[in-house]
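Given the coordinates of chain A, assemble chain B onto it according to the supplied hints.
Number of protein chains: 2
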Amino acid sequence: MSHERSIATVCLSGTLEDKVAAAAAAGFDGIEVFEPDLVASPWTPAELAARCADLGLTIDLYQPFRDLDSTDPDRFARNLRRLDRKLDVMAQLGTSTLLVCSSVAADAVDDRGRLAEQLAAAADRAAAHGLRIAYEALAWGRHVGTWERSWDAVRRADHPALGLCLDSFHVLSRAGDPAGFADIAPGKIFFLQLADAPHLQMDVLQWSRHHRLFPGQGAFDLPGFLARVLDAGYTGPLSLEVFNDVFRQADPARTAVDAMRSLLWLEDQVAGERPDLGLPARPAAPRLSGYSFVELAVDGVSGPRVGDVLARLGFTHAGQHRSKPVQLWVQGDAALLLNASVVRPAETGVAEVAALGLESEDPTGSALRATSLLAPVLPRTRGVAEADLSAVAAPDGTQLFFTRTVPDGWPADFLPTGATGDGGAGITRTDHVGLTQPFDSFDEATLFYREVLGLGPEEVTEIPAPFGLVRDRAVTNPERSVRLSLTAALLRRGEWSPGVPAPQHVAFGTEDIVTTARALRAAGAPLLEVPANYHDDLDARFDLDPVRLSTMRELGVFYDETADGAYLHLYTEVLGGRVFFEVVQRISGYDGYGAANAPVRMAAHRRARLATP
Amino acid sequence: MSHERSIATVCLSGTLEDKVAAAAAAGFDGIEVFEPDLVASPWTPAELAARCADLGLTIDLYQPFRDLDSTDPDRFARNLRRLDRKLDVMAQLGTSTLLVCSSVAADAVDDRGRLAEQLAAAADRAAAHGLRIAYEALAWGRHVGTWERSWDAVRRADHPALGLCLDSFHVLSRAGDPAGFADIAPGKIFFLQLADAPHLQMDVLQWSRHHRLFPGQGAFDLPGFLARVLDAGYTGPLSLEVFNDVFRQADPARTAVDAMRSLLWLEDQVAGERPDLGLPARPAAPRLSGYSFVELAVDGVSGPRVGDVLARLGFTHAGQHRSKPVQLWVQGDAALLLNASVVRPAETGVAEVAALGLESEDPTGSALRATSLLAPVLPRTRGVAEADLSAVAAPDGTQLFFTRTVPDGWPADFLPTGATGDGGAGITRTDHVGLTQPFDSFDEATLFYREVLGLGPEEVTEIPAPFGLVRDRAVTNPERSVRLSLTAALLRRGEWSPGVPAPQHVAFGTEDIVTTARALRAAGAPLLEVPANYHDDLDARFDLDPVRLSTMRELGVFYDETADGAYLHLYTEVLGGRVFFEVVQRISGYDGYGAANAPVRMAAHRRARLATP
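Read top to bottom, the protein sequences are chains A and B.
As numbered in the working numbering, residues 1 to 613 make up the first sequence, in order.
As numbered in the working numbering, residues 1 to 613 make up the second sequence, in order.
No wet-lab data here; the hints were simulated from the structure.
Values in this document were obtained by computation on a predicted structure and should not be read as measured data.
In this text, a Cβ means the ideal position worked out from N, Cα and C, and glycines have one as well.
Hints are not guaranteed to be accurate.
[Said to hold, decoys possible] Below are the SDA-like pairs computed for lysine to any residue, each with C-alpha atoms no more than 25 Å apart in a straight line:
| hint | chain 1 | residue 1 | chain 2 | residue 2 |
| --- | --- | --- | --- | --- |
| 1 | A | LYS86 | B | GLU561 |
| 2 | A | LYS86 | B | PRO546 |
| 3 | A | LYS86 | B | SER550 |
| 4 | B | LYS86 | A | ASP539 |
| 5 | A | LYS324 | B | PRO599 |
| 6 | A | LYS86 | B | ALA540 |
| 7 | A | LYS86 | B | LYS86 |
| 8 | B | LYS86 | A | LEU549 |
| 9 | B | LYS86 | A | LEU555 |
| 10 | B | LYS86 | A | ALA595 |
| 11 | A | LYS86 | B | ILE463 |
| 12 | A | LYS188 | B | ARG553 |
| 13 | B | LYS86 | A | ALA596 |
| 14 | A | LYS86 | B | ARG553 |
| 15 | A | LYS86 | B | GLY236 |
| 16 | B | LYS86 | B | GLY236 |
| 17 | A | LYS86 | B | PRO464 |
| 18 | A | LYS86 | B | GLU529 |
| 19 | A | LYS86 | B | THR551 |
[Said to hold, decoys possible] Looking from chain B toward chain A, a few residues come up when the C-beta cut is under 7 Å (computed):
| hint | residue |
| --- | --- |
| 20 | SER13 |
| 21 | VAL39 |
| 22 | ASP72 |
| 23 | PRO73 |
| 24 | ARG248 |
| 25 | ASN533 |
| 26 | ARG606 |
| 27 | ALA608 |
[As the list claims (entries may be wrong)] Cβ-Cβ distance ranges computed for the label pairs, FRET-style:
| hint | chain 1 | residue 1 | chain 2 | residue 2 | range |
| --- | --- | --- | --- | --- | --- |
| 28 | B | ARG553 | A | ALA106 | 30 to 38 Å |
| 29 | A | PRO478 | B | ARG75 | 52 to 60 Å |
| 30 | B | PRO304 | A | SER341 | 44 to 52 Å |
| 31 | A | PRO478 | B | LEU610 | 47 to 55 Å |
Just chain A, with the same shape it has in the complex:
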């Protein structure tokens, strides 16, 4: 069966008016009304209900009601008075379910029988209004901190208007076991709140209030959790409740789309693992096998400069577009397009990654999947000869073209220049593309590539870069022929620091970096100078063969190693302000990107930039 999709207003930034509009635009069926959002709104509850009805949204939950129970009879009486006021609001809202979370107050009831009595008394009030209460264990509740303890209270109260609210964060952050949901009496799960999170070693309240993520963005097993809840017979909405400092201040329209995509991802995962649960599912993402091209947007100033550098890197200007100022440069299986027809920002001389051509076993299927997952489809602005290129926009605006390269496909748009090159410098392929992300959309990007393109996310790491921490996460296909390195500056970076936005990069693979490096040096490629201290430190840290170390020092080659293998790499200077090239050799099973060397590279890029007028 399919479930309604819902989102708590606290997930989104802005006023209640902004939030409701964003949720509706992203296709949600309902919302949870977070009380502070209503309190700050000029809409009366009835006006909010009418607005939601107009937008096709149901109001699935009113939340939260805090600190209901009390060991102090007077205070409990006051709490019931407060409850009555909120039940009045709910009646006007036309919503049936109130979230009551376990008390964190000093006067919270520890006695199980007394707690059940107080919950039943509250349920009586709700029932009198025709409403019901979903009781939730906060992970940091004073006496009720586990779902088992909340179920104990609900079971003892044994009131038809009292059930459970299960929240994946509160259960999984305490390593709770969803297998036990099978013991919950049928129909007693009144509501389900879904949130993912990264594994963090910190106070669980702070973790919950600042660092939750949408499903698929964190480290929790949300598919397993949801499957257990559905096994227990839950038929209500799948509702997101994510407190996150970044989403709190980001464009709510975007966040809502990200949120919806996370629910679709979750449904897809559960549908794939547990088809018996009958969740709607879409076909798996068509397999991506590699890069067909990487396209750089250039202009009349940056284009010739980048072309000159590509030539020195051993690339050949093999083709010229039939009708547009687009050059095709190739070496081995690596192909770059220099496109001077893209509308550029006001600055001149900029070069940046504008598009990726991704080789798909089913380009149309890839594009349809992206569309069904709310990726913006790009207008077909290309000429007829390119009619078969379907493209969508990634969260950072990079265009993604799904290709199936055949001779009369997109390469036919390019007239051969006749240039054959001199055999190149040993570059054989595109290894990875480094895309710098706006920090606001870093987690959105991870989920986008995961769900839309079927790329798997690696661990999140943080680089202590010279101009502030940089968050880093790669997404890859299983064969590692499509690798994207996503990075974002953790804070805004002061105006004084270089490269805002930080440059992107394209990394090319070679099987012999020494030979390639010598060829590049001989050709006068603008390679980045590596400080001598760096190789002195390599010498201290690793047992490197002295000749090999000496060669790396001579050629400006960086080095990293893990238990799996080694990584040798070098960089060009930044070109056109926004892009540089890397050449890499992977030895054995090295699967990373030399992140340990990134701070040295960044400092060197900064120096090169300062040295250039």
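For chain B alone, coordinates are given in the frame of chain A:
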């Protein structure tokens, strides 16, 4: 005795070249060289040494050397080889002391005797170079996590080239007791690293690497810590080692000044509490008794608008500056200057807080103190009649004038308009000023007001505002006649959100907000509309007298209460894009600022802004 003042390069953003320049410019005597900074630098160690000598900086420490000891003899041999390489670097640097921190590796030595042997072996290598090792317990060290354990190892090793490094973070984050420093053998504290931090419930490694602060900015008892270290006979540098995500990406020249100010604060505290230790000290900050004026920068568009609003708030345009377009508006003891002569940014129609007049018992002393604490002194751009106004710039650029108001002082610059007003609306004083801070300088601002002006910082709180979390910290004088509410958006806030930068505000006090509010409404003041839901929620939360609640609802008055008292307040709309007014009544000992109501106020301001073309 006085101690050298030093700073670890890791405290500062940028390349090593940037960091050294910033440390020297702020007046530090020396630096700790953080190894990754050197590794990324094109300067050879000898070149760095020469550069530091040119700038008058000593190199006091090379750090860190990690994971020295090992249960695996081969690995320990490799670690000694690595040590030799680093000792070579130190010899070129001309620095005598290497920081070795306790191992976090799986092969770390647990056996106390064996650990002491390995440390002694390392000390032998250092001694052979004429160098020495300062051994530090990382709070998360595998076996050595307390200073007592590190002292045990050093004591057992009993090597003249081996001593302790004490780091206030590692000791105080684990609630270590500095009283025990008295047991450390004389001369065995080789180095002292100072860092403050907020109290956080999180993994201590993450706490240390991301959230350290300069002394005076956090919650640790740094003065007590330092006194104990000095009691133990330490004569070396007072050196700051602060890992902080914000400082990592902020202008290093500013951060270095902030850092120096923190050491001066620390010295002042210790000198005050323990004069016997002979630290240099400056006289205490002259007492501030209140606001003499608040000055708003306006222009030809915003000035008349703000003046009109002030008139409706019951202010009288009492004076006009003799030579400049500056108006003096007064009511009770509250005085506002509307200054149209300040050079404004390109936008027109802006009004913002430009300056505060702070009544000082010794204006010249206040200004001299500020100067000695590296506050930028502002050029005297005023006319001769204002010759006695000394001013400095706060970290957010607000001008602070130190005044001692007498009739022939600054008020004499203003010619009376003859207007006497109609008795006003009951406003009696300026209660507080709300200044929004750039997030990068939020902690700097706290320390600035604390050390330069002698204002005491309150707790840091976070407001879940509609457009992202807002950090909030007040600084006040003991009599509460000078209150500044400092706020900063935690993240950058999306472009879509309103009010970047967020508006500042000036809050005026009344003894009877109902009478004042009625007067303001009668005069047509542009008061902020408060949603009905807000007062409904007040009714649910508090046992308010129905008539009183009804009056608050009618007049748009917000309410907060604590155990100490109550706070009734109302707001105007935002004027000139950057400033609004608040009117407050404090009942009994209420000492806050109604932060719980801020989200409702912000949402209402946003709506009013959207409603205004």
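Next item on the list: Go through the numbered hints given earlier and state which of them the structure violates, listing their numbers in rising order.
Entry: 5, 7, 12, 15, 22, 23, 27, 29
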